[in-house]
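Trainee: Dock chain B against chain A, hints included.
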Amino acid sequence: MVWQTIWGQIVDLTLVAVLLRVMTPILLASLGGLISDIGGVINIGLEGLMLLSAFTSIAVGSSTGNWAVGVLAGVATSVLVSYGMGFFSLKMKVDIIITGFAVNIFGSGFTIFLMSKLYGMTGNYSPSGAPRIPTVNIPFIEDVPVLGKLLSGHSLMVWIALFSVIFCIFLIYRTPYGVHLRSVGEAPYAAQSLGIPAKRIQYSALAWSGVFAGLAGAFLSNGLTNMFVKDMTAGTGFLALAVVLLGNRNPIGILIGSLIFGLASALATIVQTVPNSPIPSQFIQMIPYVVTIAVLVFFALRNKRRLATMP
Amino acid sequence: MKSSKALFLEIGGILAAVVTALLCGFVVILLTSSEPFTAISALLLDPLSSTFNIGTILNKAVPLILTGLALSVVFQSGVFSMGAEGQLYIGAFVGALAGVYLPDLSPWIHFPLVIVCALLGGALFGAIPGVLKAYLNANEIVTTLMLNFVAILTTSYFVNNQLKAASGGGYAKMDNISKDILLPKLFPGMAAHAGILIAVAAVIIVYLLMYKTSIGYELRLVGKNGHFARYGGIATRKVIVVSVMISGALAGLAGIVEVLGIHGTFKENFSANLGFDGIIIALLARNHPIGVLIAALFYAYIQVGAQTMQFGSDMPREVAVIIQVMLVLLVSAQAIFTYIKQRYARSGQKAVK
Chain A
1 MVWQTIWGQI VDLTLVAVLL RVMTPILLAS LGGLISDIGG VINIGLEGLM LLSAFTSIAV
61 GSSTGNWAVG VLAGVATSVL VSYGMGFFSL KMKVDIIITG FAVNIFGSGF TIFLMSKLYG
121 MTGNYSPSGA PRIPTVNIPF IEDVPVLGKL LSGHSLMVWI ALFSVIFCIF LIYRTPYGVH
181 LRSVGEAPYA AQSLGIPAKR IQYSALAWSG VFAGLAGAFL SNGLTNMFVK DMTAGTGFLA
241 LAVVLLGNRN PIGILIGSLI FGLASALATI VQTVPNSPIP SQFIQMIPYV VTIAVLVFFA
301 LRNKRRLATM P
Chain B
1 MKSSKALFLE IGGILAAVVT ALLCGFVVIL LTSSEPFTAI SALLLDPLSS TFNIGTILNK
61 AVPLILTGLA LSVVFQSGVF SMGAEGQLYI GAFVGALAGV YLPDLSPWIH FPLVIVCALL
121 GGALFGAIPG VLKAYLNANE IVTTLMLNFV AILTTSYFVN NQLKAASGGG YAKMDNISKD
181 ILLPKLFPGM AAHAGILIAV AAVIIVYLLM YKTSIGYELR LVGKNGHFAR YGGIATRKVI
241 VVSVMISGAL AGLAGIVEVL GIHGTFKENF SANLGFDGII IALLARNHPI GVLIAALFYA
301 YIQVGAQTMQ FGSDMPREVA VIIQVMLVLL VSAQAIFTYI KQRYARSGQK AVK
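Top to bottom, those sequences are chains A and B. Residues in the first sequence are numbered from 1 upward in steps of one, following the numbering used here. Residues in the second sequence are numbered from 1 upward in steps of one, following the numbering used here.
Next up, chain A with everything else stripped away, as it sits in the complex (with noise of 0.2 Å):
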């Protein structure tokens, strides 16, 4: 009955779209995670400037009737956040795990304070009318069988995620900023004394990971449910660190990384609806944890294997 499902949803291309859908937060959250690792400073609050952008997304799109200005203050709060991590980073000296982990609090306590004091709710704030991210139809491809289905009716971040992949390799490996940055991220102090601005890479980093966390959150709130739940994001921000380092620090990894996590997200949900499923849906959940804990020991079992071999 399960097999049955998931059989006839694959084969009439129905996980696909699944799949693109909750593939595209992770992706876009841990490309943000990306940037800010390459520059040295991990951060762990992309859950929180999620939450945050999913908030504001969803109320300045609501307010204004315009989803692409609900986006951007969406973007533009979380970017703001971003900076002010930097701030009590890299001036106050706070560590950056900490500071991020009070990112995460923030994110999660003050979107449900807002949502209190302005709508009234606590549970979730759902506009009725409320402008979504708009799906994108192409003309012609639309129409041919099997290429239409996985080409057209997406909406419109799930093809702004892909292009952030290539987007993320031009700027990290093809430009002098991506250089700085991963020289300030490999020895700040070596590339200070080369006559890098260190500091100011990094705040750039982080500012980077909060455009794409940003765009995670937004697009949470305005394409995939056109609303704002408390707690919604439910882990994606810190699966996102998990991609990181599952996809090997590097852009194209990070979209097989992001693959694999959202398949399991999307046969989980396959799962949940098929009545009495045999196959637990909290087992199928559990898949990209324990995939990317085996895969962290892979490779720290590879480093050391190298470092051993290493005369």
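What the hints contain is simulated information worked out from the structure, not anything from laboratory work. As the structure is a computational prediction, the values presented were derived from the model and not from experiment. Careful, some of the hints might be misleading.
Part of the chain B face toward chain A, derived, beta carbon under 8 Å [said to hold, decoys possible]:
| no. | residue |
| --- | --- |
| 1 | V150 |
| 2 | H288 |
| 3 | V328 |
| 4 | L329 |
What follows is a set of in silico ranges between Cβ atoms, one per label pair, in the way DEER data are often shown [said to hold, decoys possible]:
| no. | chain 1 | residue 1 | chain 2 | residue 2 | range |
| --- | --- | --- | --- | --- | --- |
| 5 | A | G8 | B | N225 | 56 to 64 Å |
| 6 | B | R237 | A | P127 | 48 to 56 Å |
| 7 | B | Y101 | A | N66 | 56 to 64 Å |
25 Å max Cα-Cα, derived SDA-like pairs, lysine to any residue [stated by the list, open to error]:
| no. | chain 1 | residue 1 | chain 2 | residue 2 |
| --- | --- | --- | --- | --- |
| 8 | B | K224 | B | S214 |
| 9 | A | K93 | B | N287 |
| 10 | A | K304 | B | R237 |
| 11 | A | K117 | B | K224 |
| 12 | A | K93 | B | I14 |
| 13 | A | K91 | B | Q334 |
| 14 | A | K117 | B | L44 |
Quick reminder that beta carbons are idealized off the backbone N, C-alpha and C, glycines included.
Mentor: Structure of chain B alone, referenced to chain A:
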């Protein structure tokens, strides 16, 4: 003499951070409330206005003290574990299994057995990221975060299926634990349960362990300077695993005390981030056991204050989050503390001249 001055400065700095954080909270209340003074007084005074509220503060402090201790131990060995939440679930789960399914035993045997099971459950689950960190250098922040999900989902699966209580109605929980091993009320008529005694005992034991035994010394040395410790002949890997296991055991204890004191059985998703709140407590306390006790009581006070404020005014209790976040950031802001110390040192020199 010098160290007591440093301690004085440290405590002064932390108090200043607490006051500043509270002020930030007040500013937000002033800006957003139509009855700010009612709200502030409800936040600050109402928690102490009744024995019921005081009991609630103690009850809320109990798991915070234990998770705070758990994290202070592991942080001192230089491992940044985020895994107390998962260890708490596993400890509570294993303990509750022993509580529900062991055949009739005298409570004098049954109760310690349940506690030991919870300690072991937490310690063994904590050992996983510990071993991965110590022997493979796998990033403990990621492994512990991932294992939290594994723990929460696994226990959720069992209490939704095989172990689901028929009497639970719509709730996913185990059968009730027999009343004679539940933690009794501290005083009749007060909300506080006897878990606070366990928490205080744990504070004393952890204090002795960290500052009066060789394992505590080795643990702190590894945290301060791993290379130096290894050079000095300390088996750093073993020490790291031991510290993570002690931490897991304490987190497991936090879980079972919450089960035996508050819920009476294991419920799905019962913790609500106690493990993460423990991180804040350990940070505020600068990883010192006595500090953990004070910080947890203060934190519980703010939480109860936030609740009474929500009842007594137009402010939602989430305002407390602003105070918590500012506390975390200000207390961990090294730059401020270095600045204060430098200023103090300079003024001291002037006085000598």
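Trainee: Among the hints numbered above, which are violated by the structure, and what are their numbers in rising order?
Mentor: 2, 11
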